[in-house]
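Spelled out from the first residue to the last, the chains are:
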Amino acid sequence: MTSQTITLVLVLGLLPLAAFGYRLGRNKWLAMSATPSPFVGSAGIFGWYVMLGALKPVLALNLLALVANMIDLFSLPGPILASISFVTATAGMAYALKAISPHFKAREAIETTIRRLLFVASLISIFTTIGIVVSILFEAIQFFRLVSIWDFITGTQWNPDDAVRPDGSIDSTLFGAVPLFAGTLMITFIAMTVAIPVGLFSAICMSEYASTLTRRIAKPTLEILAGIPTVVYGFFAAITVSPLVVQAAAFFGLEAEYTNALSPGLVMGIMIIPLVSSLADDVISAVPQNLREGSFALGAFPSETIKWVVLPAALPGIVSACLLAISRAVGETMIVVMAAGLQPVLSWNPLRGMTTVNVRIVDAFTGDQAFDSPETLSAFGLGLALLITTLCLNIVSLVVIRKFRQQYE
Amino acid sequence: MARGFLKVLLAATLFVASASLAQARDQIKIVGSSTVFPFSSFVAEEFGATGKFKTPVVESTGTGGGFKLFTAGVGTQTPDISNASRRIKRSEFETAEQNGVTDISEALIGFDGIVVAQNKDAAPLNLTLQQLALAVLAEIPKDGKLIPNPYTSWDQISPDLPKRKIIVYGPPTSSGTRDAFEELVVEPVAHKLGGYEKGYKKIRQDNAYVPSGENDNLIVQKLTKDKEAVGVFGYSFYEENQDSLSVAKIESWTPNMDSIASGSYPISRSLYFYVKNAHYDKVPGLKEYVELFMSEKMIGDNGALKRIGLVPLPAAEREKARKKVLGRVKVTKEELK
Amino acid sequence: MLHTDPQFYRRRLAKERLFRAISYTAIAVASVFLVFFFADIIGQSLTAFSQTEIRVPIHFTQEILDAPESAVDPEFAPLVSRGVLRLLPGELNANPRLLGTTREEWMLATAEVDQYLKGKPNRLKPRDIRTIERLQQEGRFRMAWNWGFLTRGDSKLPEMAGILAAAVGSVYVLLVTLAFSFPIGVMAAIYLEEFAPDNRFMQFIEVNINNLAAIPSILYGLLGLAIFIQFLGLPRSSSVVGGLTLGLMTLPVIIISTRTAIRAIPSSIREGALALGATRWQMVWDHILPLSLPGILTGTIIGLARAIGETAPLILVGMVAYIPQPASSFLEATSVLPAQIYTWASDSQRAFVERTAAGIIILLIVLLSMNALAIFLRSKYERKW
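Chains as they are written, first to last, in the working numbering: chain A, 1 to 409; chain B, 1 to 337; chain C, 1 to 385.
Bear in mind the hints are in silico, worked out from the structure with no lab data behind them. Virtual Cβ for every residue (Gly too), placed ideally from N, Cα, C. Hints are supplied without guarantee of correctness; some may be wrong.
With the Cβ distance kept under 10 Å, some of the chain C side facing chain B (calculated, not the full set) [what the hints assert, rightly or not]:
no. : residue
1   : Q7
2   : R82
3   : G90
4   : A94
5   : L98
6   : R123
7   : R127
8   : R130
9   : G233
10  : P235
11  : V320
12  : A321
13  : P324
14  : Q325
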């Protein structure tokens, strides 16, 4: 009997059992009360109560067994687990049945169970965050045992390959992540110079100028941009935009590398336009109409109203949108993996090939180096840096937007 | 119904999760080197298309990443085969032993040559290993101490080389080609020149050496445009692009199938795969897959290996390698370094 | 009035017009990019949908059992795809009466021939090109609609490569993601909107969810690797692992959009239900959920569309691999559409470029129809209160 059959037996066995419990509970209540009180609940509620009474302990039991199995405490053979499950289910059902009396408020009892269940569901987000932090932190700590944090943050040489000396010691100065941070920043900066003006002006146009028809066309157009997967943008950046950039640069007598930082930056900027425009659109529409009307009444043109009234009022929201956009650009992986280079250089020239934090993370997981090498571990150090950066950006952005909302709502 | 249904669904999910802990598998799993990946998946495809077994899953995790998964333990959870562009290291083998992976066999499958390629229209280059190394070394010994590599033009290295700017598009640090390049070119030359610490193999990081991914068609585009630059990558990649590229001779040897297989061409490396002998009776088709992989049709003189641009072993070597892996000869710690 | 000076007015008007022009330009920039982008991708993909076939005689002899390429004349052998030749021994074994017979049929040509006839770069030898030109005059080539692209899985031979296995994988992953993130996301949103007390802890959860929505997807990959593969021991590359990883990523999107949908329902509905003696859950189940369902579904579809276009976290859980056969269970290794596109994009054989573009077209069709469905649902069922 494979474990999958056991699962099947268990699930298929529990279902009729639960249905049986439902009938038992319902019938017991019907038999007991000739004149049911409406505030106790309808007969079906008691059925549900018994059903839950049967399933709850089984769920707890299996959860326990699973956790025990995972942390290697003990492991129950499938058939045994299945039989225990059935016994517990029956016992739970009997217990729940016993509780039913003419004044028993099954509805409240169920309500409590549901409330708990919902609460647990909302906790999953916390567990996810903890999971992300933990899964990165442990290995990152291992990495920072080998390499000093200071060297990592301030060093300007990224050359992990040469970092392991022949005697096995590690030259921590060759794990300077500054060139990677610089590459990320450069590409983010280029992306922002595209995304913020275009996104912001699109939002202004749609909320202040455009006719209904234009808006109806423009909005989905921007949404399509948001719906294109990043791997597609990556392909486009590498196959189409990069050669164009090189040709354009050659036209101006400049030399560009095929893995230049400009092409992924530009394409990433386009990708982020809808994010900026929809967030900015939200905050601009949240600015109370009477502010605009006041300005128009004083004879201001729309552009003046926007510049002197709407934008200042919406500023916190726009700042928050920009921060989120930056966070998105910093975290974007596929475009840079496919279109940016692998060369850790410090340069102000966007036509040069650059590499970014995310590229190195992916590279560390697909490269050819030995697995216990500090280079693989460095991915977690970089992941930690990425996590902290985006975390700060997101939280600042959230705080700012909340302040903004409180102001006008 | 919704409430009860949700609970059952949840329970079922948990069960599937726990059930999978000890799950049987009818599909071969292969991980490892990105150099062997194209060939390995070719064999896998052939295996699936022509036989009664499922097509194996081949994942390109890099040699190191492959060994990490491969050595994690025995059982259907772990891969059956790991491809490698170098031999397994002693440290990796020790990890394997600790995790109970004691019985593995090694198969040498062929060679991968590293070439120095350039634009087809550029004047032919004939380099020695030393000249090549001097062009890419991070530091050069001068008057008894090391100075940062001053060479910007080939003729500065040796007057008989053309007056051409040094721009080398070479493999990035994470690539196996880089490892091989360092081990076969940089390290021996540094050792010969003297004045370096032991095992020195640093490559310069200025504009003269541009790390570029080997699977990247952009490197070819760059070379077709830039007549000064040279590219360093695997022979297979050069063969793909013979129409637009030419190769430099190294130590007067032109890289081709013969010179690489005979070992005359100095920059070549061996390719391997490792298989867990304990998995033969657990995973159906594993034996047949290994047999097909080692057959003449695949790694022979006119086999698929060659068509993919890798270089077959000489016939005698091939026979030896085949016997070794099919005879399930154990790899021992002593033979590794 | 101070500013009635016509000069000043004209300048203001000019500025107004400029500003307006700039704002329209912004939208134009985005639209022009979109047009250029689609034109480029579609242009690159078109050729992938037709495939060269060659009509050659096949001789069923004893030799083909060992060397399938000997079934065709040596002159043609380099032109016919190995993908069809290798099936001949099987056919002969199944039907021994074929031995000694010859038949002529349209067979798939190699990618090199295909690229040559499509006028693209190729690696054919001059001798082969001469053969091709001669055969062309004999009418031995034809361009056929490339069904194989939609009905086959990945292959190392570009002419054999298809999208099916990856598409099936995407469906599996989508189902897992949906089964995980939809119930949990909706439950969490209901709790936060209808049950949660207003305290610091709940505020923390709220900030946390908003933050999760903006965490880089690659970090979810590290999470999936650590939790589902290393801790839970689920099989690498399987759709369960990929689906759960993407499910965690989609969860905040679903929670946020569900909350928005629930919040849009006026409180009079809630008060009415409660006043009639319903418990909170009865109110939610009978009134809030049905009323907010269109909004919830819209958010879910958008979240799922994002999930199936995602690649970065899947690289880390091993889904970017060579997996040519469609998976038949959730625990089997599988690829997904974006992963397949990534694999092809990084292959050095040039014939894969058009395949990549064609794969992108398929993916975009799927995603855009999902988004269109979401927009349709929103406009059709959304109620303004």
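Hint check:
1. Interface restraint check for Q7 (chain C): the shortest CB-CB distance to chain B comes to about 54 Å, outside 10 Å, so the restraint is violated.
2. A least Cβ separation of about 8 Å between R82 (chain C) and chain B falls short of the 10 Å threshold, and the interface hint therefore holds.
3. Of the supplied interface hints, the one on G90 (chain C) holds, with its beta-carbon coming within about 6 Å of a beta-carbon of chain B, less than 10 Å.
4. With a least beta-carbon distance of about 12 Å to chain B, the hint placing A94 (chain C) at the interface is violated under the 10 Å criterion.
5. Interface hint status for L98 (chain C): violated, as the beta-carbon distance to the closest one in chain B is roughly 17 Å, over 10 Å.
6. A least Cβ separation of about 7 Å between R123 (chain C) and chain B falls short of the 10 Å threshold, and the interface hint therefore holds.
7. Residue-level restraint check for R127 (chain C) is violated (minimum Cβ-Cβ distance to chain B is 15 Å; threshold 10 Å).
8. Residue-level restraint check for R130 (chain C) is violated (minimum Cβ-Cβ distance to chain B is 17 Å; threshold 10 Å).
9. Nearest Cβ of chain B to the Cβ of G233 (chain C): about 5 Å, under the 10 Å cut. The hint holds.
10. A cut of 10 Å between beta carbons decides the hint on P235 (chain C): the least distance to chain B is about 6 Å, and the hint holds.
11. At a threshold of 10 Å, the smallest CB-CB gap from V320 (chain C) to chain B is about 8 Å, leaving the interface hint in force.
12. Satisfaction of the interface hint for A321 (chain C) is found here, the shortest Cβ-Cβ separation to chain B being roughly 4 Å, below the 10 Å cut-off.
13. Given the 10 Å rule on beta carbons, the hint for P324 (chain C) holds: about 5 Å separates it from the nearest Cβ of chain B.
14. Hint on Q325 (chain C) holds. Least Cβ distance to chain B is approximately 5 Å, under the 10 Å limit.
In summary, the structure is inconsistent with hints 1, 4, 5, 7 and 8 from the numbered list given earlier, while agreeing with the others.
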